[in-house]
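These protein sequence lines map, in sequence, to chains A and B.
In terms of UniProt numbering, the first sequence opens at residue 1 and continues consecutively.
In terms of UniProt numbering, the second sequence opens at residue 1 and continues consecutively.
Some clues are possibly wrong.
Below are the DMTMM-like pairs computed for lysine to aspartate or glutamate, each with C-alpha atoms no more than 25 angstroms apart in a straight line [claimed, not checked]: (1) B:Lys239 with B:Glu267; (2) B:Lys227 with B:Glu247; (3) B:Lys18 with A:Glu36; (4) B:Lys227 with B:Asp213; (5) B:Lys308 with B:Asp213; (6) B:Lys117 with A:Glu36; (7) B:Lys308 with B:Asp277; (8) B:Lys234 with B:Asp207; (9) B:Lys117 with A:Asp117.
Derived by calculation from the structure, the hints in this document are not laboratory data.
Note that the coordinates shown come from a computational prediction; the quantities given were computed from them, not determined experimentally.
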Amino acid sequence: MSNPTVSPVNSVSPFTSYTRAFGGLLLRDLYVLRREIGPFLIRVCMNPLLFLFVFTYIMPHMEGAALNPTARMAAGAGANFSTVLLPGLIAVAIMFSGIAAVALPLAQEFGITREIDDRVMCPLPVTAVALEKVIFSAVQSIFAACVVFPMAYYVPSTKVEAHVTSWPFLIAVVVLASLLSGALGLTIGTLVPPKQIGLIFGVVVMPITFLGCVYYPWIALRFNPVLQYGVLINPIVYISEGLRAALTPALGHMNQGLILLMLCIFLALLLKIGCDGFRRRVIS
Amino acid sequence: MAETIVDITGLRKVYPGKTPVIAIDDIDLHVEDREIYGLLGPNGAGKTTTISIATTRAIPTAGTVHIAGTDVGAHPAIARRVIGVVPQYNTLDRSCTIAENISFHCRYFGFSSADAKARTAELLDQFRLTDRATAYPQQLSGGLAQRVQIARAIAHRPRVLFLDEPSAGLDPQSRIAMWEAVKGLREHGITVVLTTHYMEEADALCDRLAIIDHGRILVEDTPAALKGSLGGEKIYELKLDHPQRSEALAALLRSLDGVTTVEPTDEGLRVVAHARDGLLAHIVGMASEYGLRDVATSEASLEAVFIKLTGRDLRE
Numbered sequence: 001m002s003n004p005t006v007s008p009v010n011s012v013s014p015f016t017s018y019t020r021a022f023g024g025l026l027l028r029d030l031y032v033l034r035r036e037i038g039p040f041l042i043r044v045c046m047n048p049l050l051f052l053f054v055f056t057y058i059m060p061h062m063e064g065a066a067l068n069p070t071a072r073m074a075a076g077a078g079a080n081f082s083t084v085l086l087p088g089l090i091a092v093a094i095m096f097s098g099i100a101a102v103a104l105p106l107a108q109e110f111g112i113t114r115e116i117d118d119r120v121m122c123p124l125p126v127t128a129v130a131l132e133k134v135i136f137s138a139v140q141s142i143f144a145a146c147v148v149f150p151m152a153y154y155v156p157s158t159k160v161e162a163h164v165t166s167w168p169f170l171i172a173v174v175v176l177a178s179l180l181s182g183a184l185g186l187t188i189g190t191l192v193p194p195k196q197i198g199l200i201f202g203v204v205v206m207p208i209t210f211l212g213c214v215y216y217p218w219i220a221l222r223f224n225p226v227l228q229y230g231v232l233i234n235p236i237v238y239i240s241e242g243l244r245a246a247l248t249p250a251l252g253h254m255n256q257g258l259i260l261l262m263l264c265i266f267l268a269l270l271l272k273i274g275c276d277g278f279r280r281r282v283i284s
Numbered sequence: 001m002a003e004t005i006v007d008i009t010g011l012r013k014v015y016p017g018k019t020p021v022i023a024i025d026d027i028d029l030h031v032e033d034r035e036i037y038g039l040l041g042p043n044g045a046g047k048t049t050t051i052s053i054a055t056t057r058a059i060p061t062a063g064t065v066h067i068a069g070t071d072v073g074a075h076p077a078i079a080r081r082v083i084g085v086v087p088q089y090n091t092l093d094r095s096c097t098i099a100e101n102i103s104f105h106c107r108y109f110g111f112s113s114a115d116a117k118a119r120t121a122e123l124l125d126q127f128r129l130t131d132r133a134t135a136y137p138q139q140l141s142g143g144l145a146q147r148v149q150i151a152r153a154i155a156h157r158p159r160v161l162f163l164d165e166p167s168a169g170l171d172p173q174s175r176i177a178m179w180e181a182v183k184g185l186r187e188h189g190i191t192v193v194l195t196t197h198y199m200e201e202a203d204a205l206c207d208r209l210a211i212i213d214h215g216r217i218l219v220e221d222t223p224a225a226l227k228g229s230l231g232g233e234k235i236y237e238l239k240l241d242h243p244q245r246s247e248a249l250a251a252l253l254r255s256l257d258g259v260t261t262v263e264p265t266d267e268g269l270r271v272v273a274h275a276r277d278g279l280l281a282h283i284v285g286m287a288s289e290y291g292l293r294d295v296a297t298s299e300a301s302l303e304a305v306f307i308k309l310t311g312r313d314l315r316e
């Protein structure tokens, strides 16, 4: 039996104990992810794999223009559709990870299991518990983004024409986009009542994906200025355009500096809304 | 005098809204080191809100809580180092086994991998959970899950453990096992603050308790002193055929020697009286003319104290 000794945390500075608690939370999440690696891989692979398979393998093999719409779409953009699709699929992979890693688990933890209560009792500020979720989600998003590359290399029947002009820009976009998607997941998970979390796919995820310049470059919307400028309130646009600028610059894209600026603005905004929502949910 | 470890002063909590709800109305409370302290009261009395504020999960409208000298409202993250909490519901991490639940909790509180492992083994042994170490929370009965929650809550060696309705939903056997586990915490230097609406639990477990209703502390003392305050009074519950026509009987009963209070209940009348020979026969004799169906008497109990203070049953 133990003596009534103090725990190690009582003798250290607040900062050290915060860091250790934060590390402990990350460690736990990594440990659980490692154990559930199978479902995780299915989650990150299935969407890009099916998209590439149908749009860049099955369709190009179909006979006749009516049966092969992607060829015309791609021709309009001045490249093959595999190339148009690559940045978009990475953007979707990054965003879906944020929803799956933060929003859905949070809905369950707030609504059914209340597991979140034990995390909130950790010796670190409540906001840090929310930030840990965002950072862990970003790690998964980066992994999901990387998974798309080998698939885009092997699956399409026409080769993807991608080349990285600036590695620092690509890394900055992927990291910012991954954090942004985690913050989006946090915002959705804390603002949407747990019972209605099933609705977010129809109400949030589908609109921001399809109107997020994922399957077409932003410049292609110029035929309708209302639409072209309207979609700018959608943070996914900057993720897609950022990846387009970094990977397939030949397609035409927004200004790089503007993309980074908007990613930062949306990241800050969603972090603020998400963290405030999280605090409201756990502290009454 | 022992050190005051939980110090609650002038605590008030109002939930704003169209009709603001006053959950806590000026509570002062002082718990000494290694005490087992109970908050006894009906549902909605303000017990859980008090514990939520003391454990940093709610912000008070007014007043302060100090735990082991740390102001909980001003430094919540630091205060959590000395607090352990077992909430009303099961918050175990469903993705981790019992042993992992405890060892990750240790890691959150800065234990090294080896220390966390050793502490987990120690707690599994102390709470007789070793053979369930690799089970998942979903596979446990309510009683076992509760024991795991207590083990996890004290894993980082807090000074105070807060238990919110610890025996809610437990069968009698698990409840007694849980009581034993809680009593055993004292020798590990842990102060316990618990809420309950079970008289027996408060009586069996607590060194001192506060009876709380409508957000206020009505009385605070040891269970023995509280029961003693009744001065040998007994409670007679009369069930009548026509409870709505009991005023005449009530007036008659009040005239009896030894009767202190008579008040109407849903089913008849509640008579509080100093026990003396022949009183029961008198009461029954009078009441039978008014359609007496049944009579129940109870000795000095915490329930009787509560009824005397509030005029209500705890379960009403």
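We went through each hint and held it up to the structure:
{"no.": "1", "hint": "B:Lys239 with B:Glu267", "result": "5 angstroms, holds"}
{"no.": "2", "hint": "B:Lys227 with B:Glu247", "result": "29 angstroms, violated"}
{"no.": "3", "hint": "B:Lys18 with A:Glu36", "result": "46 angstroms, violated"}
{"no.": "4", "hint": "B:Lys227 with B:Asp213", "result": "18 angstroms, holds"}
{"no.": "5", "hint": "B:Lys308 with B:Asp213", "result": "13 angstroms, holds"}
{"no.": "6", "hint": "B:Lys117 with A:Glu36", "result": "22 angstroms, holds"}
{"no.": "7", "hint": "B:Lys308 with B:Asp277", "result": "22 angstroms, holds"}
{"no.": "8", "hint": "B:Lys234 with B:Asp207", "result": "24 angstroms, holds"}
{"no.": "9", "hint": "B:Lys117 with A:Asp117", "result": "23 angstroms, holds"}
Hints 2, 3 from the earlier list are contradicted by this structure; the remaining hints agree with it.
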